[in-house]
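Please model the complete structure; the sequences and the hints are all you need to start from.
Residue numbers (this note's numbering), protein chains in the order written: chain A, 1 to 304; chain B, 1 to 298.
A couple of the hints might just be wrong.
Taking CB as the label site, the calculated pair distances span [stated by the list, open to error]:
id: 1; chain 1: A; residue 1: Thr-37; chain 2: B; residue 2: Gly-96; range: 14 to 24 Å
id: 2; chain 1: A; residue 1: Arg-247; chain 2: B; residue 2: Asp-191; range: 52 to 62 Å
id: 3; chain 1: B; residue 1: Lys-103; chain 2: A; residue 2: Asp-84; range: 40 to 50 Å
Derived lysine-lysine pairs resembling PhoX-like cross-links, with alpha carbons at most 20 Å apart [to be verified]:
id: 4; chain 1: A; residue 1: Lys-34; chain 2: B; residue 2: Lys-56
id: 5; chain 1: B; residue 1: Lys-103; chain 2: B; residue 2: Lys-188
id: 6; chain 1: A; residue 1: Lys-156; chain 2: B; residue 2: Lys-56
Hints were generated in silico from the structure; no laboratory data involved. Here a beta-carbon is modelled for each residue, glycine too, at the ideal position from N, C-alpha and C.
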Amino acid sequence: MTATHATAHSEDTESKAGPAEVAAPRRSWLHSRKLRTTGFHLTASLLSALWLLPIVLVLITSTRTFDDIAAHGVGSWPHSFTFDSFRQAWVDGGQQRALINSMLVTIPTVALSLGLASMAAFALSRYDMPFRRVLLLLMLGGNLLPPQILLIPVSKLSEVLGIYDQLYALIGVQVGFGVGFYVFVLHGFMRSIPGEIQQAAVIDGAGPWQIYWRIILPLARPALAALTALSFTWIFNDLLWAITVLRTDSQMPITASLIGLQGQYVSMWNVIAAGSVIAAAPTVAVFLRFQRHFVAGLNLGAVK
Amino acid sequence: MALIGSTRRSRATRVPPVVLAFVLIPLLAEAFWVFWPALQGFYLSLTSWDGLAAPKFVGLGNYSEMVHDAVFRTAAINTVLWLLLFGGLSAALGLGAAMLLQKERRGIGFYRAALFLPVVFSLVATALVWQAMYQPDGLINNVLEAIGLGGWKHAWLADQDTAFYAVIVPALWRQVGYVMVLYLAGLKGIDPALYEAAKVDGASRWQQFRYVTLPQLRSVNAVVLSVIVIDSLRSFDVVWALTRGGPYHSSELLSTYMYSTAFQSLRLGYGSALAVVIFVLAFGVIVSYLVRAFREAD
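So this is what it looks like as structure tokens:
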């Protein structure tokens, strides 16, 4: 992951490639190798620039004034610089409230789903549970359902429960829908923990709860970290469940409130851009801080 | 010996009641929010319901209505087209990016991060970023003008002929990095000795790709395929944020049509039937995913 690691690796491959091309004159070999490296960096940086362009653009747009955009067009070079659009999106556009709502939903949902999922995964992977595989696949299967089939009944269900238009409904459905996937991933991970550790604890008189809390959970930390990073972004970025069980603007989490911002500030691209930056900042922060866990999480979830 | 082993094992793994509760509580949560609503969803697809009066049983009436529903036909065709275009291109581009960025070398972390960064954005934020670029006075038209292709300038999202494709591009921009990460892990798992052997046999770069890389990536391909199909059929946010399925349903997907039918036209029975169609399309992939998971769960 570190720079030193990468260089060590590339030197290693270079020295390996050496003997194969020893027939060619050393100078021209070096030359063509240099050319290839330059070619690679040229291609890769062009591609990266293309990929980053929309992000750079939204950052620039968010710091322009509305008058600048109205006069020169949203696609022109900036002729102004201000952070006022952020204030507009944050205060007038209700993004502050929305971000708080998002956190109020995301943090309990992540904690609750991973807590429940790790308990189920522990039981299914460490004990001879009857119908172990059927239960596991049933739970995973629920997560693979297209959400559309659930939207109408879930919105009615939350009405019946009296929690329609409340954040509880959103937390409930997100936990229920996500838990199956987390159980499956954590089960795969916990199964690989050697049984001797658990047996030693049983002999020492530890109960299931102690084994779960003191032994298995700490050992499953890498998988839990990966799933935390991943589920945080998923839940934070959700739109569909939010607009299904919530109605009032002041209840909407940030992703749904962006749609509201889009309707409220038509063609005020500076405010819309600022809103998008605010909505993306938390997940980008999580990604940059936990990049390794994040990528690991994506691969953990991939069933081979 | 075997006897001792087995008795010890069964003593260690006998299921105490608290462990049973460990499974039952999450299972009940999922049953309450997923399985029970899903069954209701299937039942509702056989009814006519406005959400106020009691649902009226109409048998397969909703499904026979679909046959004559032109919007349904557009949405279904678009969904399949979305699956092929969005799925095919994100797989191809993701694999291409992974091949390009597979070797550990200086700067590789930055390039990978650049391609991956959009994955963490919400689809709505992604849509808004691109919506500004698609404006008549936005970046894309300005660039076309600057390179002498002013004739290609377009109101990309407002034109029936281009809206659908204009919506796919942002979705791709966000998906490619995800697929790349899956393929990077797959490429890492290929034994370098296979390439050495291919080189000794005089295989060209294309032949190495065709006869070593691709067959070795078979299991990753299966993963990517399921991810893509499931993601495609779930695609909603990006279309909803950019066009709401318009103009004139030209970018309508089954998911957006289902949502507007159910929650805007309040035709909950017909909306449920549309959801069942989405389920049927996803069914094959769900089953194959579960079959692979079943083998892995051993």
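For each hint, the structure was consulted:
1. A:Thr-37 / B:Gly-96: 14 to 24 Å: Since Thr-37 of chain A and Gly-96 of chain B have Cβ atoms about 19 Å apart, the given range 14 to 24 Å holds.
2. A:Arg-247 / B:Asp-191: 52 to 62 Å: holds, 56 Å
3. B:Lys-103 / A:Asp-84: 40 to 50 Å: Holds: the Cβ-Cβ distance is about 46 Å, inside 40 to 50 Å.
4. A:Lys-34 / B:Lys-56: Not satisfied, since the Cα-Cα distance of roughly 74 Å exceeds 20 Å.
5. B:Lys-103 / B:Lys-188: holds, 9 Å
6. A:Lys-156 / B:Lys-56: holds, 16 Å
The structure is inconsistent with hint 4 alone, although it conforms to all the rest.
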